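Q: Spelled out from the first residue to the last, the chains are:
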Amino acid sequence: METFIHQVVAGIATGGVYASMALALVMIYQSTHHINFAQGELAMFATYMSWTLINAGVSYWLAFTCTILLAFALGVLIQRIIIRPVENAPVLNIVVVFIGLLVILNSIAGWVFTYTIKSFPSPFPKEPPFGLHFISSHELGSIGVTFVLLLLLFSFFKFTPLGLAMRAAAQNPDSSRLVGIRVGWMLALGWGLAAAIGSVAGMMIAPVVFLDPNMMSGILLYAFAAALVGGIDSPGGAVLGGFIVGILENILGAYVIGTELKLSVALVLIIVVLTIKPAGLFGKVIVSRV
Amino acid sequence: MSRTLLQVTDMHAGYGATEVLHGLTMTIEEGSITTLLGANGAGKTTTLRALSKMIKVRGQIQFDGKAIEGKSTEDIVRLGVAHVPDGRGTFGSLSTEENLQLGSYTRKDKQEAALDQEKMYTYFPRLKERRQQQAGTLSGGEQQMLAIARALMLRPRLLLLDEPSFGLAPLIVREIFDIMRTINQVDKVTILLVEQNAAMALDLAKYAYLLETGKLVLSGLAEDLKKDEAVRRSYLGH
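Residue numbers (my numbering), protein chains in the order written: chain A, 1 to 290; chain B, 1001 to 1238.
Chain A extracted, bound-state conformation (with noise of 0.2 Å):
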C-alpha cells in the first residue's frame, strides 16, 4: 500500500512538471494557434543558465529567480525576433521555425555544456519530511513550487489590467487594438511567460532526470499528452490533463507496463483523446457550418 502511496504522489510531484510544461503550450496555443515545439528546449536551456549561476556559487534561490527572469527576457526575445517575421507565414512553415529553434537550442547548449549527464541540485533536504516514507522533500517541494507558481498565473490573469488585455489579445486580436492593447507586445510577453513556466518546470525535474541537452524531450511528450486530454484550448484543463498523465504514467509504469514502455503511455493517451474526444476533457468543441 506504502508503495502504491507513494507512486501516487510521485506522479502528483511530476504531474506538476507537466502541468507547467502544458500550461505553457497551452498559453502560446491559445494567443496563436500555435503549438510551440521547441518548449522543452527552452525549459532545457533555461535550467543549464540555473546549473551555471549555482556552480558560479550563487545561492539556489537567487539563481532560480535569476534564471526565470532571464527566461523570461529570452522567450520575449525569441518572439520578437524569430517568431514576429513569421506570424502570417502558413502553419508548415512556423512548424519548421519550431523545430529550427528545437534544434538550435539543443545543439546550443551541447556546445556550450557538453551532452555528459550532469546533476542538478535540488533546493529541498535529503531527508522525507516530517519522518514520512512515502514521499521525498524534493516530490513535496516540487509540488509546493508548482501550486505557488499556478496560482500566481491565476491571480496574473485574473486580477491584473495586463493580465485581462493579455486574455482579451488572444481572444480577439481586433477588437484588443481598438481598444489599445498593443498585440504584437502581449504575444512577446506570452513568450516571456511561457519560456519563465518553463523554466521552473526544467529546474524542478532536472534533479529527477538529470541535465543533459535532452532531458525535456520525454516531458514536452508528457506535456502534450496532458495539454490534449485536457482540451488544448485550456489552462484549467491542461494544468488537470498534467497531474492525470502524471499520476498515470507512475501507475501504470509500476504495475502495469514497466518503466521502460512508460513513455508509450503518453503517446497512447494522445492517440485515444485524439481519437474519442479529440478536443479534450475541457476544452471548446468547435462547430462550423459549412
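Check each hint, because a few of them may be wrong.
[To be verified] Straight-line distance between alpha carbons at most 16 Å, and here's what the computed EDC-like set of lysine to aspartate or glutamate pairs gives:
#: 1; chain 1: B; residue 1: Lys1206; chain 2: B; residue 2: Asp1178
#: 2; chain 1: A; residue 1: Lys158; chain 2: B; residue 2: Glu1098
#: 3; chain 1: B; residue 1: Lys1110; chain 2: B; residue 2: Glu1097
#: 4; chain 1: B; residue 1: Lys1206; chain 2: B; residue 2: Glu1223
#: 5; chain 1: B; residue 1: Lys1188; chain 2: B; residue 2: Glu1029
#: 6; chain 1: B; residue 1: Lys1188; chain 2: B; residue 2: Asp1178
#: 7; chain 1: B; residue 1: Lys1056; chain 2: A; residue 2: Asp174
#: 8; chain 1: A; residue 1: Lys158; chain 2: B; residue 2: Glu1097
#: 9; chain 1: B; residue 1: Lys1226; chain 2: B; residue 2: Asp1203
[What the hints assert, rightly or not] Label-pair distances were calculated between CB atoms; the ranges are:
#: 10; chain 1: B; residue 1: Gly1167; chain 2: A; residue 2: Val91; range: 25 to 35 Å
#: 11; chain 1: A; residue 1: Gly258; chain 2: B; residue 2: Asp1086; range: 55 to 65 Å
#: 12; chain 1: B; residue 1: Glu1069; chain 2: A; residue 2: Thr116; range: 55 to 65 Å
#: 13; chain 1: B; residue 1: Lys1206; chain 2: A; residue 2: Asp174; range: 23 to 33 Å
#: 14; chain 1: A; residue 1: Leu274; chain 2: B; residue 2: Arg1233; range: 55 to 65 Å
[What the hints assert, rightly or not] So, partial list: chain B residues that the calculated Cβ filter (under 7 Å) puts toward chain A:
#: 15; residue: Thr1073
#: 16; residue: Glu1074
#: 17; residue: Val1077
#: 18; residue: His1083
#: 19; residue: Gly1089
#: 20; residue: Glu1098
#: 21; residue: Gly1103
#: 22; residue: Tyr1105
The hints are simulated quantities; they were obtained by calculation from the structure and are not laboratory data.
None of these values were measured; they are calculated from a predicted model.
Virtual Cβ for every residue (Gly too), placed ideally from N, Cα, C.
Use these hints to put chain B onto chain A, whose structure you have.
A: The following block gives chain B in isolation, referenced to the frame of chain A:
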C-alpha cells in the same frame, strides 16, 4: 461654424490590391453627429476601418489639427477615437464587466474609469444585471449596448459607430438611438455613424454624407438630404 475635429482629404483605402474608397473627402465638426449613408458595398465600413488604421490608407487624415499618418490602430485609440466595429467586436469569453474594463485600458485615471463604469450601468441598466455573465451569452441588443458602452469607457472625443442597428428589434434600435443622442448632447461626444437605416440616421444626425461605390455623391445638412429627391427614392423608400 464650430471647429473641425476630423478632416479627411482624398482618402484611398481597400483590401489587398482591391481599392474600395476612391478619394474620399469629408469634414467632421466637433460636437456634431455625422452620418455616412450608402448601399451595401459603398465603402462605409471601409471608411471607418481606414480612419482607425485597421487597413492600409492613402491620403490625408487630420484629427484635431494633427496628421495621423504613420500611427497604428493602438495609437489612434490613445488620441481619443473609439470604434464600435461591425459585428460588435465584443470579447465573447470575457464577462460584461471585463469588457467594460478593457474599454478604459489606455486610461490612466483608474478611479474615474470605475465611476464611468457605473455610469454605463445607468445608461444601460440591462448590462448591470449581466455584469458577471460571459459577453458571448448576451442577446444581440445587449451585445450592441456593451460594444457602445465599452467604446464610451475610453471617454472618446470621436465615436465611430458601424451599423449599431444591424439585426436588432425596432424597440432596441430606438433605445440605442436615444442613448446616442444623450451621449452626444450630455457627454459632448462627436459621433460618426454608419447606418443602413437612413431615416433614423438622418433624424439623429446634423450632417450627412452619401457614398456610392467608394465615391462621395452628396453631402450636407441631414435635413436637406432628407428632402433630396434621389435620397428619398433610393434610401428612404418614398
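Q: If a hint holds in the structure, say so; if it does not, say that too.
A: Comparing the hints with the structure gives:
1. Our distance criterion of 16 Å between C-alpha atoms is met by lysine 1206(B) and aspartate 1178(B), whose separation comes to about 15 Å.
2. For the hint linking lysine 158(A) to glutamate 1098(B), the alpha-carbon distance of about 10 Å falls within 16 Å, and the restraint holds.
3. Restraint check for lysine 1110(B) and glutamate 1097(B): the C-alpha separation of about 14 Å stays at or below 16 Å, so the hint holds.
4. Between lysine 1206(B) and glutamate 1223(B) the alpha-carbon distance is near 8 Å, which keeps this suggested pair within the 16 Å criterion.
5. Between the alpha carbons of lysine 1188(B) and glutamate 1029(B) the distance comes to roughly 12 Å, so the proposed pair stays at or under 16 Å and holds.
6. Between lysine 1188(B) and aspartate 1178(B) the alpha-carbon distance is near 14 Å, which keeps this suggested pair within the 16 Å criterion.
7. The hinted pair formed by lysine 1056(B) and aspartate 174(A) meets the criterion: a straight-line CA distance of about 15 Å does not exceed 16 Å.
8. For the proposed pair lysine 158(A) and glutamate 1097(B), the alpha carbon gap of about 12 Å is at most 16 Å, so the pair holds.
9. Between lysine 1226(B) and aspartate 1203(B) the alpha-carbon distance is near 8 Å, which keeps this suggested pair within the 16 Å criterion.
10. At about 33 Å, the CB distance of glycine 1167(B) to valine 91(A) agrees with the hint of 25 to 35 Å.
11. Look at glycine 258(A) against aspartate 1086(B): about 60 Å separates their beta carbons, and that is inside 55 to 65 Å.
12. Distance hint check for glutamate 1069(B) and threonine 116(A): the Cβ-Cβ separation is about 58 Å, which falls inside the suggested range of 55 to 65 Å.
13. Range check, lysine 1206(B) to aspartate 174(A): about 30 Å between beta-carbon atoms, so the 23 to 33 Å window is met.
14. Checked against the hint of 55 to 65 Å, the pair leucine 274(A) and arginine 1233(B) passes, with Cβ atoms roughly 59 Å apart.
15. At its closest, the beta carbon of threonine 1073(B) sits 4 Å from a beta carbon of chain A; the interface hint therefore holds under the 7 Å criterion.
16. Annotation: interface hint on glutamate 1074(B) holds; nearest CB of chain A at approximately 5 Å, less than 7 Å.
17. The closest approach between the C-beta of valine 1077(B) and any C-beta of chain A is roughly 4 Å, which is under the 7 Å cut-off, so the hint is satisfied.
18. The closest approach between the C-beta of histidine 1083(B) and any C-beta of chain A is roughly 5 Å, which is under the 7 Å cut-off, so the hint is satisfied.
19. Annotation: glycine 1089(B) was flagged as interfacial toward chain A, and the flag holds, the nearest CB pair being 4 Å apart, inside 7 Å.
20. The criterion of a C-beta within 7 Å of any C-beta in chain A is met by glutamate 1098(B), whose closest approach is roughly 6 Å, and the hint holds.
21. Checking glycine 1103(B) against chain A: minimum C-beta separation of about 6 Å stays under 7 Å; hint holds.
22. Taking 7 Å as the C-beta contact cut-off toward chain A, the hint placing tyrosine 1105(B) at the interface holds, the least distance being around 5 Å.
Violated hints are absent here; each numbered hint is respected by the structure.
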